[in-house]
Amino acid sequence: MSWFDPVYSSQRLFRQLLDCMARPGKIAELRGFEGGPRDFLYVGALALTLLDGETTFAAPEPGWEEFVSFCKFYTGSRLVAPEQADFVFISGVQPVPELRQVCRGNLLFPDQGATVICCVNAIYPGAFQPAGEGIVLRLRGPGVPGEQELTVAGLARENLACLEELNSEFPLGVDTILVSLQGQLACIPRSSTMTWS
Amino acid sequence: MLKKKIQSGYNFAFLDEQSKKEIRRRTLKAVAIPGYQVPFASRELPIARGWGTGGLQLTMSLIGPDDILKVIDQGSDDVVNAVNIRKLLAQTTGVRTTEDTREATLIQTRHRIPEEPLEDWQILVFQVPYPEPLRRVEPSEVKTREMHAEADYSRLWVYLYEDIVRWGEITIGAQYPVMVNGRYVMDPSPVPRWDVPRLNMAETLYLFGAGREKRIYAVPPHTRVESLQFSDYPFQVEDFTGKQCDLCGSTDAYLDEIIDDVTGARRYTCSDTAYCAKRRQLKEEAGKNA
Numbered sequence: 002m003s004w005f006d007p008v009y010s011s012q013r014l015f016r017q018l019l020d021c022m023a024r025p026g027k028i029a030e031l032r033g034f035e036g037g038p039r040d041f042l043y044v045g046a047l048a049l050t051l052l053d054g055e056t057t058f059a060a061p062e063p064g065w066e067e068f069v070s071f072c073k074f075y076t077g078s079r080l081v082a083p084e085q086a087d088f089v090f091i092s093g094v095q096p097v098p099e100l101r102q103v104c105r106g107n108l109l110f111p112d113q114g115a116t117v118i119c120c121v122n123a124i125y126p127g128a129f130q131p132a133g134e135g136i137v138l139r140l141r142g143p144g145v146p147g148e149q150e151l152t153v154a155g156l157a158r159e160n161l162a163c164l165e166e167l168n169s170e171f172p173l174g175v176d177t178i179l180v181s182l183q184g185q186l187a188c189i190p191r192s193s194t195m196t197w198s
Numbered sequence: 372m373l374k375k376k377i378q379s380g381y382n383f384a385f386l387d388e389q390s391k392k393e394i395r396r397r398t399l400k401a402v403a404i405p406g407y408q409v410p411f412a413s414r415e416l417p418i419a420r421g422w423g424t425g426g427l428q429l430t431m432s433l434i435g436p437d438d439i440l441k442v443i444d445q446g447s448d449d450v451v452n453a454v455n456i457r458k459l460l461a462q463t464t465g466v467r468t469t470e471d472t473r474e475a476t477l478i479q480t481r482h483r484i485p486e487e488p489l490e491d492w493q494i495l496v497f498q499v500p501y502p503e504p505l506r507r508v509e510p511s512e513v514k515t516r517e518m519h520a521e522a523d524y525s526r527l528w529v530y531l532y533e534d535i536v537r538w539g540e541i542t543i544g545a546q547y548p549v550m551v552n553g554r555y556v557m558d559p560s561p562v563p564r565w566d567v568p569r570l571n572m573a574e575t576l577y578l579f580g581a582g583r584e585k586r587i588y589a590v591p592p593h594t595r596v597e598s599l600q601f602s603d604y605p606f607q608v609e610d611f612t613g614k615q616c617d618l619c620g621s622t623d624a625y626l627d628e629i630i631d632d633v634t635g636a637r638r639y640t641c642s643d644t645a646y647c648a649k650r651r652q653l654k655e656e657a658g659k660n661a
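Note that the protein sequences, when read in sequence, are chains A and B.
For the first sequence, this note's numbering begins at 2 and goes up steadily by one.
For the second sequence, this note's numbering begins at 372 and goes up steadily by one.
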């Protein structure tokens, strides 16, 4: 795997991810993964950074078969049902009914709530309506001075509503990583409250 | 300082990649649930537990070749704990180290927040001896976890109340309990009260690591951090009225008291030695130019 260095690529990606998780709605540009799997380049890089044999993952939608075997082979992570998974991979475009069952942790251990990695078409800073297909997200909460706006293209409203529902009882909930086809990354931790239009 | 040569035979930043991965996953959860203590599998290190291994493991999982590292112990860059940790990190990563707070991208600290303001491109990593703020009222981990789950902090409030009844004030000096984001009571590590208000609505990400107790927690930037207080007994920081640093003359920094063994005279110096040295240098330069 010449496109992803297990030491340095994952360190760099993790720092970008941490920065975005600490500052919800901030957008990072993932770079330097030339030669990786074309169909799931940035999601694949995220999987290599976060998953290993101690974790479980789910990818409930059809069309993810190649990614699933990639994940199993290169990270050793186990494929399980969505309600048991530490990491749930979805593409945001179509509504994903399985998202409702994702683990939110419990009050004693809220950190056991899953991380949802959601592929979208594009992420733009601020309120921006490219050809009217984007959803403008407004985030408030820890890490955000006032309100943070970002525009996400290729994210079904049903999925957003489902994430909001999952995160309605803080500290229970899931933490979402949005990643676009061009390698933009933004996070919505459970501590954020969101509205959209 | 120049980039150091990397010691051969070790992985970058000492820890193996799987350990780093685990710490990174926990760190992300800690940031997403501000003030909540995330359990993690604390690793063996060439430094004994209780000597900053929690902070050290966080730093090892964060650090990259382009980072500029600063390590302090009680505000000082030159104390044995800071020196050893800096050496270990420099030898296994080759990164540039600095004493200048304004230059460091990554700062590991024991029991102080640097005096100079920190910015959004910096990360401050705390070494934590006792992560559980409720431990002084409840010895059982199972019960304190339940108390956090239910946001039941009544016994801690009673403790503070009894402190006032007995002593006329809240006597907790370092490790002053704080409420994070209105949900979790958190131990800010044994920083003096002086530093506690700087956790509130900060620009910087604060990460806390307790190696012996195996906990990671975090305060993201722009997060509400309130010291526990009563309306008639408000939280107060240490009072240095009428005192100043013997070396640089600072009147608005946290001061260490030094008692002369022979004469018994009291002197005060800045606890943040890099800040103090910088002020003295500026003064000297201003003196030359005058």
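There's no promise every hint is true.
[As the list claims (entries may be wrong)] Partial list, derived from the structure: chain B residues whose beta carbon lies under 10 Å from chain A:
no., residue
1, Gln378
2, Ser379
3, Thr398
4, Ser413
5, Ile418
6, Ser432
7, Asp437
8, Glu487
9, Pro488
10, Tyr524
11, Ser525
12, Arg526
13, Val529
14, Tyr532
15, Glu533
16, Pro605
Since the hints were derived computationally from the structure, they do not count as laboratory data.
C-beta: ideal position from N, C-alpha, C; glycine also.
Consistency of the hints with the structure:
1. The criterion of a C-beta within 10 Å of any C-beta in chain A is not met by Gln378 (chain B), whose closest approach is roughly 15 Å, and the hint is violated.
2. Taking 10 Å as the C-beta contact cut-off toward chain A, the hint placing Ser379 (chain B) at the interface is violated, the least distance being around 15 Å.
3. Given the 10 Å rule on beta carbons, the hint for Thr398 (chain B) holds: about 7 Å separates it from the nearest Cβ of chain A.
4. Checking Ser413 (chain B) against chain A by beta carbon gives a least distance of about 15 Å; that is not within 10 Å, so the hint is violated.
5. The criterion of a C-beta within 10 Å of any C-beta in chain A is not met by Ile418 (chain B), whose closest approach is roughly 21 Å, and the hint is violated.
6. At about 8 Å, the closest approach between the beta carbon of Ser432 (chain B) and any beta carbon in chain A falls short of 10 Å, and the interface hint on this residue holds.
7. At a threshold of 10 Å, the smallest CB-CB gap from Asp437 (chain B) to chain A is about 9 Å, leaving the interface hint in force.
8. Contact between Glu487 (chain B) and chain A, as hinted, is not supported at the beta carbon level, the nearest pair being about 21 Å apart and thus beyond 10 Å.
9. Among the interface hints, the one on Pro488 (chain B) is violated; its C-beta lies about 15 Å from the nearest C-beta in chain A, farther than the 10 Å criterion.
10. Given the 10 Å rule on beta carbons, the hint for Tyr524 (chain B) is violated: about 15 Å separates it from the nearest Cβ of chain A.
11. Using the Cβ-Cβ criterion of 10 Å, the hint placing Ser525 (chain B) at the interface with chain A is not satisfied: the shortest such distance is roughly 17 Å.
12. The interface hint given for Arg526 (chain B) is broken, as the beta carbon of that residue sits about 18 Å from the closest beta carbon of chain A, more than 10 Å.
13. A least Cβ separation of about 23 Å between Val529 (chain B) and chain A goes past the 10 Å threshold, and the interface hint is therefore violated.
14. The beta carbon of Tyr532 (chain B) comes no nearer than 26 Å to any beta carbon in chain A, farther than 10 Å, and the hint placing it at the interface is violated.
15. The closest approach between the C-beta of Glu533 (chain B) and any C-beta of chain A is roughly 28 Å, which is over the 10 Å cut-off, so the hint fails.
16. A cut of 10 Å between beta carbons decides the hint on Pro605 (chain B): the least distance to chain A is about 24 Å, and the hint is violated.
In this structure, the hints that do not hold are numbers 1, 2, 4, 5, 8, 9, 10, 11, 12, 13, 14, 15 and 16, in rising order.
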